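In terms of the numbering used here, the first sequence opens at residue 49 and continues consecutively.
By construction, these hints were calculated from the structure, which means they are not laboratory data. Among these hints, one or two may not hold up.
Unchecked claim - Across the chosen pairs, the derived CB separations fall in these ranges:
id, residue 1, residue 2, range
1, Val592, Ile86, 40 to 48 Å
2, Arg373, Leu517, 31 to 39 Å
3, His241, Leu381, 36 to 44 Å
4, Gln313, Asp557, 43 to 51 Å
Unchecked claim - With a straight-line cut-off of 25 Å between C-alpha atoms, the simulated DSS-like cross-links for lysine-lysine are:
id, residue 1, residue 2
5, Lys374, Lys440
6, Lys286, Lys259
7, Lys138, Lys512
8, Lys374, Lys215
None of these values were measured; they are calculated from a predicted model. Yeah, the Cβ is synthetic: ideal placement off N, Cα and C, and Gly gets one too.
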Amino acid sequence: MTRELEAAGDLEGISKKEARRTVNERVGARAQEVAERIAAKVDAAGRFARVEAVNGYVNISYNANTVAASLIGEVLRAGDRYGAAPPNSKPERVMIEHSQLNTHKAAHVGHLRNICLGVAVTNIVRAGGVATMPTTYIGDIGRHVVRCLWCYETFHRGEEPTGDASKGRWLGDIYAEADARLNLRADVLAFLHTVIREDEVFVTAVDRMLKFLWRTNTVDGEDIAYLLGRISQQGEIKVDQLRDENVLVTFWPIIGDQLRAEAAQPKPPEPPISADGETDAPLPTMTPEERLAEWERLDAHMTDWWPHVPAWEQAVRETFQRWERKDPNFVALWEETRAWSVADLRSIFDEFDATFDAWFWESEVEDEGRQIVRELLERGIAEVSDGLPVVKIDEQLGLEHETYHTLPILRSDGTTLYATKDLALTQQKFVEYDIDRAIWVVDVRQSLYFDQISKILELAGFEKAANNLHLGYEFVTLPTGVISSRKGNAPMLEDVRDEMLSRARAVIDEKNPELPAATRQEVARQVGIGALKYAMLARDGNKVIVFDPEEALSFDGHAAPYIQYAHARACRILEHASVSDIDLAASLDTLDFGETAAEELSLLQQISELPGVVQRAAAEYRPLHLTNYAFDLARRFNDFYHACPVLQSAEPTRTARIALVAATRTTLKSSLALLGIAAPEVM
RNA sequence: GUGCCUGUAGCUCAGUUGGAUAGAGCGACAGCUUGCGGAGUUGUAGGUCGGGGGUUCGAGUCCCUCCAGGCAUACCA
């Protein structure tokens, strides 16, 4: 009917939906009747094992042996490449930039998601038949590096890491210290603001104590008046409003006394929820214990750090200028310490199977970035606003509605921003490498930023800017809340990795103690890293991952070890069977399952779907399709394993089932490999 | 304010260009090994698919609207 309408030209220029409606109207019969008529016709052709009409659907059953033999043959021939399209069978050439780690700074679990995604997307797009070029972009210069080196020179010159910690890790600790020093005032003020806003007991108590101090006349009265006002109004305290900015150091112990008293008190009963379910105060974000802990953390350096923060900030600015004018001493120090971090980065990349066709460095695109900023200013695309070079993108595009806002492209002191460098690199990618598309695998919070970069380059007449794609993903949080280096609760990538490995090792030592130690070590690595990767990939990109170390470390259920275990079992069966894939391939002509079980058909069906799943995952840049596929495949294999004896069954079923197991093993391995996950043969 | 994202079982999540009775895992409870590995497996319990409209033969899926939460929004990266 569709064909008739097409021939008559009735379906031209109308939507799919309208077309379907038109067809339905012409058919003029109920779906079930149509299905029955079609079923009868198809059945008459005699090419299928069974044809039936159910609920308006036509179910067609194939001849299992014929289809199975052809499918299994295809899988065994393709081996590890089963599921992949021929290399470079699509004309596109794509650069995938991911794993943008920093030197002089430790990586955390958030970076883990990026690495896993980047590796998997690269594998999958390549398997989809597209030429891929994985690249990374290392933050080897910028504010964090300057802060780290300032702290190193000022407080740790000549020191060396102790114990077996790497120099890169040690440098990361120095960066964390620099951050803590420079952020002390901001942290203290933010903490006070939170406590003042959320805790009325605190407000009245501190208020009372301040009044007492005022009467004793030991500190500047105006400052006390200011603090009293802010506390009673539950507003923010601003240091520049104080006459003596060190006055907070004087009050700090008083605050601590009050917090200690509150934490020591027995918990007040839960406030009764009123009938309408409303409570008058917002829920506090910190318990009394947490408040005290945060106070104690800040108190450790309140007295000795607070007065120096402004001078330190000035020193950091000066250090920045040393980089800008390429002070030889500073550059030498930078090169030496950078090498320490790079060694660490390489080992992380090795461990997570990230390989790159090119490494880009922030330090190498600063000059080109400045050049582009100059051009943009000369051509009137950029302008200087309040001393700051910016592009008013909406204005430039003539957009009425605020869409792309305004992007600063250089700091007012002439130092470069991330944007300065990205403008240069983005252009460079297309100019120096023969690519059709460039993908950024970066946190979704930067999506506006990448739109801005693309639009600015388009404004500058760089047409290929439209071929940039930001593959965003949501961030990783902890069950206790958003990761914040301020609170110091972000699990470091290396710590998480270490914990996964030792946990995996403990499990295999318990389950399989007779394996050689070296094998257990290697299997623990494959299982531990695999579980970590799967946890990072088995969630859609637009969902936040709540990273619960306990859950990620559990090897039960919907997780990589389940799939790896299915693979190990399949390997075991084939080992007992002592048949090679070649022998099996030779026996395919006479393959005979006998009466096929539902579990066998279900497994065959799943195996046959891998190529399609790969295509879809590649087109959508979504490894999630493959994590789901691999888990489903493992589950169907387990169903089969329990329902259908393989080695104990009689010929010719025995050989047929062995062939099916072989095809399953290959497909499991192949689909895990696309995710960057290893498939151990024993575990 | 504006833009983007999210809302499906107690918890964590799948759900294909709209298509058959909305599925897994975890947690809970009750089973399975005289068989190729129990990191397995069977069953039970658990659902106003955030609310309300609309389009359609048919909506978790598409459109509108409202609610709730998150993120972004000029010198962070």
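Q.
For Lys138 and Lys512, compute the direct alpha-carbon distance and say whether it is at most 25 Å.
A. 19 Å, holds
Q) Taking 36 to 44 Å as the hint, is the beta-carbon distance of His241 and Leu381 inside that range? A) Roughly 38 Å apart at Cβ, these two residues keep to the hinted range, so it holds.
Q) Falls inside 40 to 48 Å, the C-beta gap from Val592 to Ile86? A) Because 47 Å falls inside the window, the suggested range holds.
Q. Taking 31 to 39 Å as the hint, is the beta-carbon distance of Arg373 and Leu517 inside that range?
A. Because 38 Å falls inside the window, the suggested range holds.
(Q) Quick check: does the Cβ-Cβ distance between Gln313 and Asp557 fall within 43 to 51 Å? (A) 47 Å, holds
Q | Restraint status (C-alpha distance of Lys286 to Lys259 at most 25 Å) | A | 20 Å, holds
Q) Taking 25 Å as the top limit, are the C-alpha atoms of Lys374 and Lys215 close enough? A) Distance ~24 Å between Lys374 and Lys215 Cα, so the pair holds.
Q. If you draw a straight line from the CA of Lys374 to the CA of Lys440, is it 25 Å or shorter?
A. Given that 25 Å is the threshold and the Cα spacing comes to 32 Å, the pair is violated.
Of the numbered hints stated above, the single one contradicted by the structure is hint 5.
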